[in-house]
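**Student:** One letter stands for each residue in the lines below.
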Amino acid sequence: MWTRTRSYWPYLLIAPAVAGGAFLLLYPLFKAAVISFQHFRMGELIRGGAAFVGLDNYTELLTGAEFWEVLLRTVVWTAINVVLIVGLSTGIALMLVRLGRGLRLALMSALALAWAMPIIAATTVFQWLFQSELGLVNWLLVTLGLESFQGYTWFADGTATFAVLVVLVVWQSVPFAALTLYAGLTTIPGELYESARIDGGTGWQVFWKVTFPILRSLFALVASLEVIWVAKCFPQIWVLSQGGPDDATTTLPVYAFKIARVLHRYDLGSAVAMLTVVILAIALVSNLRRMVRQ
Amino acid sequence: MKRLLLNVAAVAVLVTTIFPVYWMFLTAFKPTRDINSPTPTFWPADPTFDHFVTAVNAPGFWTYWRNSLLVTVGAVLLALIVALLASFAVARMRWRGRGVFVVAVFAAQMAPWEALLVPVFIIARDTDLLDSLAMLTGVYFMITLPFTIVTLRGFLDAIPMELEEAAQVDGCSRMAAFRRVVFPLLAPGLMATSLFGFITAWNEFAFVNVLIIKDQDQRTLPVWLSSFRDVFGTDWGATMAAASLFALPALLLFLLLQRNVGTGMTAGAVKG
Numbered sequence: 001m002w003t004r005t006r007s008y009w010p011y012l013l014i015a016p017a018v019a020g021g022a023f024l025l026l027y028p029l030f031k032a033a034v035i036s037f038q039h040f041r042m043g044e045l046i047r048g049g050a051a052f053v054g055l056d057n058y059t060e061l062l063t064g065a066e067f068w069e070v071l072l073r074t075v076v077w078t079a080i081n082v083v084l085i086v087g088l089s090t091g092i093a094l095m096l097v098r099l100g101r102g103l104r105l106a107l108m109s110a111l112a113l114a115w116a117m118p119i120i121a122a123t124t125v126f127q128w129l130f131q132s133e134l135g136l137v138n139w140l141l142v143t144l145g146l147e148s149f150q151g152y153t154w155f156a157d158g159t160a161t162f163a164v165l166v167v168l169v170v171w172q173s174v175p176f177a178a179l180t181l182y183a184g185l186t187t188i189p190g191e192l193y194e195s196a197r198i199d200g201g202t203g204w205q206v207f208w209k210v211t212f213p214i215l216r217s218l219f220a221l222v223a224s225l226e227v228i229w230v231a232k233c234f235p236q237i238w239v240l241s242q243g244g245p246d247d248a249t250t251t252l253p254v255y256a257f258k259i260a261r262v263l264h265r266y267d268l269g270s271a272v273a274m275l276t277v278v279i280l281a282i283a284l285v286s287n288l289r290r291m292v293r294q
Numbered sequence: 295m296k297r298l299l300l301n302v303a304a305v306a307v308l309v310t311t312i313f314p315v316y317w318m319f320l321t322a323f324k325p326t327r328d329i330n331s332p333t334p335t336f337w338p339a340d341p342t343f344d345h346f347v348t349a350v351n352a353p354g355f356w357t358y359w360r361n362s363l364l365v366t367v368g369a370v371l372l373a374l375i376v377a378l379l380a381s382f383a384v385a386r387m388r389w390r391g392r393g394v395f396v397v398a399v400f401a402a403q404m405a406p407w408e409a410l411l412v413p414v415f416i417i418a419r420d421t422d423l424l425d426s427l428a429m430l431t432g433v434y435f436m437i438t439l440p441f442t443i444v445t446l447r448g449f450l451d452a453i454p455m456e457l458e459e460a461a462q463v464d465g466c467s468r469m470a471a472f473r474r475v476v477f478p479l480l481a482p483g484l485m486a487t488s489l490f491g492f493i494t495a496w497n498e499f500a501f502v503n504v505l506i507i508k509d510q511d512q513r514t515l516p517v518w519l520s521s522f523r524d525v526f527g528t529d530w531g532a533t534m535a536a537a538s539l540f541a542l543p544a545l546l547l548f549l550l551l552q553r554n555v556g557t558g559m560t561a562g563a564v565k566g
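The listed protein sequences correspond, in order, to chains P and L.
Just so you know, we're using our numbering here: the first sequence kicks off at 1 and counts up by one.
Just so you know, we're using our numbering here: the second sequence kicks off at 295 and counts up by one.
Excised from the complex, chain P in its bound form:
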């Protein structure tokens, strides 16, 4: 009945969405690209009239040591978080399938609640949990016999701050991944498992030979979404440590923000942003393509 409408109606209907995307997404993206090729600092921000300097900003970034340190840190940060998130979520999803109804609903509600917890609220709670004198984590560790954590200041040490941030981001991200993977698991017919069991498969084999291949694209999707979220995660890091101590938690988005807003190097910050976009795009496209093809 409505196979091909030869009218302006569809275009009228998408016009607001297209206009929004053009002004608030494409234009800023274009602007970032332009600024990354300009000399654009405090003076240009106030007076305008930024001059084009070619690849100077990119050269400055790529020849300096700091960018590569931050990039490496971002890769490590993303890898640790995503491996933990996908691993734990898979375990929890498999657990949910096997649980009795009551406990399963309770666990799912708990996951939903943690998922809905606003980022900044959760970050504030983690600051309190890891507080040095009255924080619960130190109390727990000391009670368990680790006396050295008496009054331990987590946020003074780079590695410790990094670890707290990993715990926070994993805690925030697992609910979505676990519930999504669980939803995927429920679509696999039980007969498949039965026949695999009859053929003598162990639990481990059944997972890798039956479950994983069927849900490969879902795993790829979840992993890719987590890569994006973790790599560009900003509020948690900024509120908890502002990238410190000693830059130990400065990942690419924090770095871009710091050099733009703190040092007023809008040109260099835009160059970092553009490189982040390119790196993420390459990582995602190749990852998704490989996972789907296999």
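Please keep in mind that the hints were generated in silico from the structure rather than gathered at the bench.
Treat the hints with care, as some may be off.
Stated by the list, open to error - For lysine to aspartate or glutamate, the following DMTMM-like pairs were computed, each having C-alpha atoms within a straight-line distance of at most 25 Å:
| hint | chain 1 | residue 1 | chain 2 | residue 2 |
| --- | --- | --- | --- | --- |
| 1 | L | K508 | P | E44 |
| 2 | P | K31 | P | E44 |
| 3 | L | K296 | L | D420 |
| 4 | P | K209 | P | D56 |
| 5 | P | K258 | L | D420 |
| 6 | P | K209 | P | D199 |
| 7 | L | K296 | P | E66 |
| 8 | L | K296 | P | D56 |
| 9 | P | K258 | P | D56 |
| 10 | P | K31 | L | D425 |
| 11 | L | K296 | P | E191 |
| 12 | P | K258 | P | E133 |
| 13 | P | K258 | L | D529 |
| 14 | L | K508 | L | D451 |
| 15 | P | K258 | P | E60 |
| 16 | P | K258 | L | D425 |
| 17 | P | K31 | L | D420 |
| 18 | P | K258 | L | D340 |
| 19 | P | K31 | P | D56 |
| 20 | P | K31 | L | D422 |
| 21 | P | K258 | L | D328 |
Claimed, not checked - From the derived model, a few chain P residues whose C-beta atoms are all more than 10 Å from chain L:
| hint | residue |
| --- | --- |
| 22 | Y27 |
| 23 | F67 |
| 24 | S109 |
| 25 | W115 |
| 26 | G145 |
| 27 | L192 |
| 28 | S195 |
| 29 | P245 |
Bear in mind the structure is a predicted one, so any value in this text is a computation, not a measurement.
The beta-carbon is built from N, C-alpha and C at its ideal position, and this holds for glycine as well.
Take the given structure of chain P and dock chain L to it, following the hints.
**Tutor:** Just chain L, lined up with the frame of chain P:
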């Protein structure tokens, strides 16, 4: 034995998942002397509302609360209306450029918003939109729009076109068929989608930090909460009360709409 082990593990996961949320509310209701005692208590033996009173009376709390609500509701409503139009065009019409539009929406869903902080700041500055809630609403609208289109399109696809056709055969105009037949069926989808939009906008922290600079009265709750050290010093009871007040709308909405969310997720995912 295996059963028992599984249940124990499940309870452990459950406790870990829920504990930070519980601890936030618990601390908010604890008297200060319990919070400051070296051995923590895990049960509100002597609950008090003192910390909530402190938080609510903190300078600017109601202003920030109102700003957050204005920006969030504005962005969500705008995104819903714009997305409804677009997703109707995608789900119910065939037109040249439809495929390109769908791909563009998917790409926009993965937009690197954190990378756009600087240009958005400069654009807002050039157009005199710094320190304005309107600009913030616009950005949040655009952040939630692609997702809203994708999910609503999934919901629309799940509603058989025959229903509308039948209504039209019975003499309804296309508009009336949509309003009377599709719209009621779409209600759960609209609710689920708006929930995600709500949480995104309610949570947003980076842009409000960049776009609201001088006029403190235009700030939103996340910024206020993140600067709690300036507001409350080391008063963890008041800080947790403030965090609870900030988290409560999101948590309540989520629990209320949880069922719709499940269907929304799958409806959106099928067309993924």
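**Student:** Each hint needs a verdict: does it hold in this structure or not?
**Tutor:** Verification of the supplied hints:
no., hint, result
1, L:K508 / P:E44, "holds (20 Å)"
2, P:K31 / P:E44, "holds (14 Å)"
3, L:K296 / L:D420, "violated (65 Å)"
4, P:K209 / P:D56, "violated (51 Å)"
5, P:K258 / L:D420, "holds (21 Å)"
6, P:K209 / P:D199, "holds (12 Å)"
7, L:K296 / P:E66, "violated (51 Å)"
8, L:K296 / P:D56, "violated (63 Å)"
9, P:K258 / P:D56, "holds (19 Å)"
10, P:K31 / L:D425, "holds (20 Å)"
11, L:K296 / P:E191, "holds (22 Å)"
12, P:K258 / P:E133, "violated (30 Å)"
13, P:K258 / L:D529, "violated (29 Å)"
14, L:K508 / L:D451, "violated (46 Å)"
15, P:K258 / P:E60, "holds (16 Å)"
16, P:K258 / L:D425, "holds (20 Å)"
17, P:K31 / L:D420, "holds (12 Å)"
18, P:K258 / L:D340, "violated (44 Å)"
19, P:K31 / P:D56, "holds (17 Å)"
20, P:K31 / L:D422, "holds (17 Å)"
21, P:K258 / L:D328, "violated (39 Å)"
22, Y27, "violated (7 Å)"
23, F67, "holds (15 Å)"
24, S109, "violated (8 Å)"
25, W115, "violated (7 Å)"
26, G145, "holds (16 Å)"
27, L192, "holds (20 Å)"
28, S195, "holds (21 Å)"
29, P245, "holds (16 Å)"
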